[in-house]
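J.: Listed below, chain by chain, are the residues.
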Amino acid sequence: MARIGVFICHCGENIGATVDCTKVAETCGKIPGVVHSVDYKYMCSDPGQNMIKDAIREKKLNGVVVAACSPRMHEPTFRRAAAEAGLNPFLCEMANLREHCSWVHEKGDTTTDKAIDLVRILVEKVKRNKPLLPIKVPVTKTALVLGGGIAGIQASLDIANAGHKVILVEREPSIGGHMSQLSETFPTLDCSQCILTPRMVEVAQHPNITLYTYSELESLEGFIGNFKVKIRKKSRSLDEKLCTGCGLCTTKCPNKRIPNEFDAGLGMRPAIYVPFPQAVPNKPVIDKVNCTYYTKGKCKLCEKICPRNAIRYDQPDEIVEAEVGGIVIATGFDVLNSDFFPEYGYGKYKDVVNGFQFERLASASGPTLGEMKRPSDGKTPETVVFIACAGSRDPAKGIEYCSKICCMYTAKHAMLYRHKVHHGKAYVFYMDIRAGGKMYEEFVRRAIEEDGVNYVRGRVSRIYEKNGKLIVMGADTLLGAQPVEIEADMVVLATAGVANDGAEELAQKLHVSYDAYKFFTEAHPKLRPVETNTAGIFLAGACQAPKDIPESVAQASGAASKVAGLFSQDELTREPLIAVVNRTAPPQYSTCVGCFLCQTSCPYQAIEKEEIRTKDGKLIKTVAKVNPGLCQGCGTCVALCRSKSIDIEGYTHNQVYAEVMALLNRSEDNVNI
Amino acid sequence: MKELLVPCAACYSRLCVTAAELKENPELRKKIAGVIEMELECSTKILNIIEFLDRWVLNSEEMKIRAPFNHKVACYYGCLLVRPPKILNFDRAEDPMTMDKLMSRIGAEPIDWAFKTECCGAGFSVSRTDLVAKLSGKILEDAEDRGAEAVIVACPMCHSNLDMRRAQINKQAGRKFSLPAIYITQAVGSALGIPDKKLGMKRHFVPVKLSMTKKKNAPAKAAVPAAQTAEKQMEA
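Chains as they are written, first to last, in the numbering used here: chain R, 1 to 673; chain G, 674 to 909.
Extracted from the complex, chain G is given alone in its bound form:
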C-alpha cells in the first residue's frame, strides 16, 4: 500500500504522529511489530482529504468543473488538520491556505476570517455539549458576520458539531445561525456536477438551501477541466 487516505482530521493527525514516532524510534518499531505480528515499514504516505482532492480529483483530466461552486465560503480547517506542524509539515499552522486555494479552484470565494483553526469542541460533543455550543458558536458567528454562505469543513467531527449541535449553539448564542456546514467533498462533488441527493446535501440537520437557490441563478459556465481552472486562478 502506497497511500492511505484519512478523511478524519483527528485520525490523520494521530496516524501521522504515530508514523513519525515509529520512523524515528527503531526500538518502538520492533516492539510494535512484535505485538501486531507484522512487518512495519512505515513507508505508507498518509493523505488528508485536502491533499487527496488536490492530487487525485482536481488535477485529473477526467474531472471537469461543470457547475462552479460560486459561493462565499469560510474554510474551516479545525484544530487537528494542521497540527502538530513540526510533524505534519502540511500548511501554516496558524493561518493555513490550502483549502482556501482549493475552494477558489472550484469557483468558490473563500473569505478571510479568524477562526480557521480554532477548536469546535471536538470530543466534548458527547460529555460537555455546553462547551461545544460555546466554541462552535464563536466559529459560526465570525463566519456569518463576515458574510460566508457556508462553512466548509474537512473533519467529520467538526462537521457533526457545527451541524448536529446547531440547535444548542443557537440557544447558547441567542441568535439563529442559518449558514450550513458542508463537508469539503460535498462542495467539490457539487462543482463536478454530482447531484445534491447523491452528495447527501438533503441529509443535513441545517438545511443546505440558501446556497442551492443561488447556484441556480448563476450563469452556467461551459464545462472546463478542473486542472485548467487552476491555471486560470494562478494567472489571476
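Chain R with its partners taken away, still in its complex shape:
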C-alpha cells in the first residue's frame, strides 16, 4: 500500500510567485496513495529537510515526491535527507516546478494546474519505484593532467605532493605554456621565467609525475575513477634516452629561417630545435614540415653531427595506454590575430604587434635580448600606442566577453616600455580600466602617475602607415569625442583571449561541455567552478575562460584538491540507474531471446553473454547480461530490445507508462481531484 509524502517548495519567489503552492499541496493531498502533502518556502533548507525526515518517520512514508527545482540542483540533497530518515533514497523523486513550470509560464490557474500535473506524474512513478542499492566501483589513483602550462604544472605538483601518481601530457615539445613566454608579471613585476622554471624542473624530477611532452590525448573511455586513456607520443625523430640535450644539432641545422613559435614569430629557429633554452625536457624535436630531409629527402646533417647517434628519422608515433581515475583539463588559451582586425593592419605592418610579441620584445630571453627595438628596422620606438580591447567586448567582431587579463598586461607593457625607453611616449587607448584584484588598481595608477603613461579613453578606428610612421586614428571620449591622431613607431594590440586551437575536438573526446566561444564549461558558475558536468573531469586555468596567473594557479590547486578528494576514497558509489535484463521463473528464465541486438548497439561495451545452465551443466539458454561497472544507463539497449526484456532501473517501462497514463487519465473534473 502506497504511503506517499508530497512536499511543495516555494523556492522563495521562484516558484511561489507564479504557482499557487498551497493549492498544489492541497490538491495533491487528495491523490490516492498520498498520505501527506505540505508546502514550505525553502524545502532545501535545514527546517525544510527536517519536515521531510519527520514526515517519513511519523507517517511511515514509503515514497517521497519533492516538487521544487531541477533534480540536477537538489536531488542529491533530498535523497540524502530521505536516507537519513531510513527511506531508500531511490524512493525519493523530484518534480521540477521551477525550470519546467514557474520560470517558463505566466502566473495563473493553468500554471498551477500544470504544477499539479507534474506532481501527479511523479506520484504515480514513485508508487512503482523499488529500493535500489548504489553500485561500488574501485578508484584508480592516478590523475591525468592535460596541458603543461602554469595551471597544469600547479595541478600536477599539488596532486603529486598529495601522494598520487600524475600523468602530465603537453602538446608542445616543452612544458611551460604561455607563462614561459612572458617577460615580467603583474602586479609585482617579477620575472616570469624566474618563478616558473623552478616549477618546471620540479615537475620533471618529481617521482610521482610521468611527463609526456610533444604528446596529445588520443582517446578516452570509461568513467569516474576508471578512465582508460590513449596518449599519442608524437615522434621527436630522436631517441630521448640517448640524447643528452647538447644542442649541437640545432646549431648545425642549415634551415634556420623558420619563425620561432616561442618568440611569437619574431625570431627564427632551425628545423631541429628546442623551443627555448630553459625548456623541460631540454631535448630537441624535428619540425617535419620544415626539415629539409623530410621535405626533400636529403640533408641528414643532424644525424651526422650528433655525438650520441640519437637521431631517428623513421621513429613512429607511439601510443601509450594508461588507466586513470581523474582528469584535469588545463589546455589554456590563445589570442586572436590576423585579418580579424584589418583596420589595425596586424600582419600588414610589421610594427603592429600583439601582446605576446611585445612580451618577447621586452624579455631578456627574447629576440632583442630585452632591448626595446621594433620588428621592422630594429630602431628604438619613440612613441608606442597600446590598444586595449582589440577584439574583446565587441559584438561586431564576434567576441562579446571581456578578456579580463588585457587591462593589467597593457598597463604592465606600457610600464615596461617606459622603464626601458625613458624618453619614450606611451599611450594606452582603453574602454574602461578593469583592475579588480589584489594590488591591481594600485599597479595601474602607478603606470599612469609614476611612469607617465598617457591613458586615452576611446577607441582606435584605424591604423595606417605614412612616411615610416604608424598613424593611429582614434577618439578621446573624455574630451568630447575629439578625434585624436598619434604618429606612433609601434602599436601593441591587446588582442582578445580565445579558446585554444583544438578545444572543441578535445571537449568532444572527453565528453565535456563547452560554450559558444569553445571555452570549457564548469558544472556551476558559482558553486562548482572547477568541475565539469562529466564526473571525474576537472578544469584549471584559461581553458575555462581567460584568466591571469594568480587565478589560474588558484583554480589549478582547486582542481587538484578535487582530485585528491576523489582519490581519498578506495571505492566510489555510483547511482544504480543502469540497465538490467529481466529474469523470470523457469522454464523461461528470462524473456530475453538472445538476439544480442543490444550488444551491438551498446556504446559502452557493457553487454555480455550469460549462459543459463542446469545443475549438471547442461546449457538451457544464452541471454544478455549487463556489466554494472560499465553500463552508463543511456537506455539505447532498452529502445532496441525486441522482446522488451531490458529495463533501466529507476526508469522501467512500467514506471514511465504510469507517468504517461497519469497525465492522460486525468479528466477535466479530476484536475482538482
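Take the hints with a grain of salt, since some may be wrong.
[Stated by the list, open to error] No farther apart than 25 Å at their CA atoms in a straight line, the calculated lysine-lysine pairs in the PhoX-like style are these:
(1) LYS469/R with LYS745/G
(2) LYS466/R with LYS737/G
(3) LYS718/G with LYS466/R
(4) LYS774/G with LYS404/R
(5) LYS466/R with LYS759/G
(6) LYS844/G with LYS397/R
(7) LYS348/R with LYS844/G
(8) LYS425/R with LYS373/R
Keep in mind that the hints were calculated from the coordinates and are not lab data.
With chain R fixed as given, assemble chain G onto it according to the hints.
T.: Frame of chain R, contents of chain G only:
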C-alpha cells in the same frame, strides 16, 4: 522584378536596411503596404554597382577586356557601400576587397591604402563645403602619396565631392591634387573598349588625362574575355 541595381551607395544602403526591416517586421510591412496600396513581398535582390559589374559584365562571355586598364588605382568604397555590415553582409566593413579584386580583373593595380571607407563629407557638399574639403582632402592625400594614378569610386556622391569640390580641396590642403576621380563603370567601360567620349571621361572637373596618355604607351594585349582574365588572376 528580381534584381534592382542601385548605383548610389547611399540609396543602396538605405534600400537594403529598409528591406531588412520590412522582412523582419510583418506589422510594419502591413502598414507600408496599406500606405502604398500595393503588395509588399520584399523579395527583390538589391545589387550595388560592384556586385552588378561582377555578375553581369565581367562574367559575361560577350564582354572582352580589349584595353586593360593598367593603372595604379586607389579603390574608394566610401562609408555607405559596406555599412551597416550586419545587414549588407557584402564585404569586410573596415577593409573591403571586392572592388580591389574587380579592378585587378580589368588589368588595374589596386594600391593598399588606409582611406577605403572613410567619409568624403557626403551631404555636407551643400551646407558645409569646408568639411567636405577637409575630409575629401585627406582621402586624396593618402591616395596620391601612395602613388595612385586615380581614385576609383562606387558612389556618385563621393564622385562629385572628390571631383567637383577639387578646387576647394586643393585650397584647404595647400597642395594641388591632380589624380582624377573615376566612377567604377568608367574604368570597366574603358577596359572593355568603350571610347572615352562615350564614357564621359572628358566631362570631369579634374581632367582625366594622365591616365589616358599612359594607356596609349601600354602594349595592346589581344582581346580576352573578362571571365578568363579573372581565372588568370586567381591562378596568379
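J.: If a hint holds in the structure, say so; if it does not, say that too.
T.: To see whether the hints hold, each was checked on the structure:
1. LYS469/R with LYS745/G: Given that 25 Å is the threshold and the Cα spacing comes to 23 Å, the pair holds.
2. LYS466/R with LYS737/G: Since the Cα atoms of LYS466/R and LYS737/G sit roughly 38 Å apart, the hinted pair is violated (cutoff 25 Å).
3. LYS718/G with LYS466/R: Measuring from Cα to Cα gives roughly 40 Å; hence the hint is violated.
4. LYS774/G with LYS404/R: Roughly 39 Å separates the two Cα atoms, so the pair is violated.
5. LYS466/R with LYS759/G: Outside the cut-off at roughly 31 Å; violated.
6. LYS844/G with LYS397/R: violated, 39 Å
7. LYS348/R with LYS844/G: Outside the cut-off at roughly 33 Å; violated.
8. LYS425/R with LYS373/R: Distance of about 14 Å is within 25 Å: holds.
Hint compliance for this structure: hints 2, 3, 4, 5, 6, 7 are broken, all remaining hints hold.
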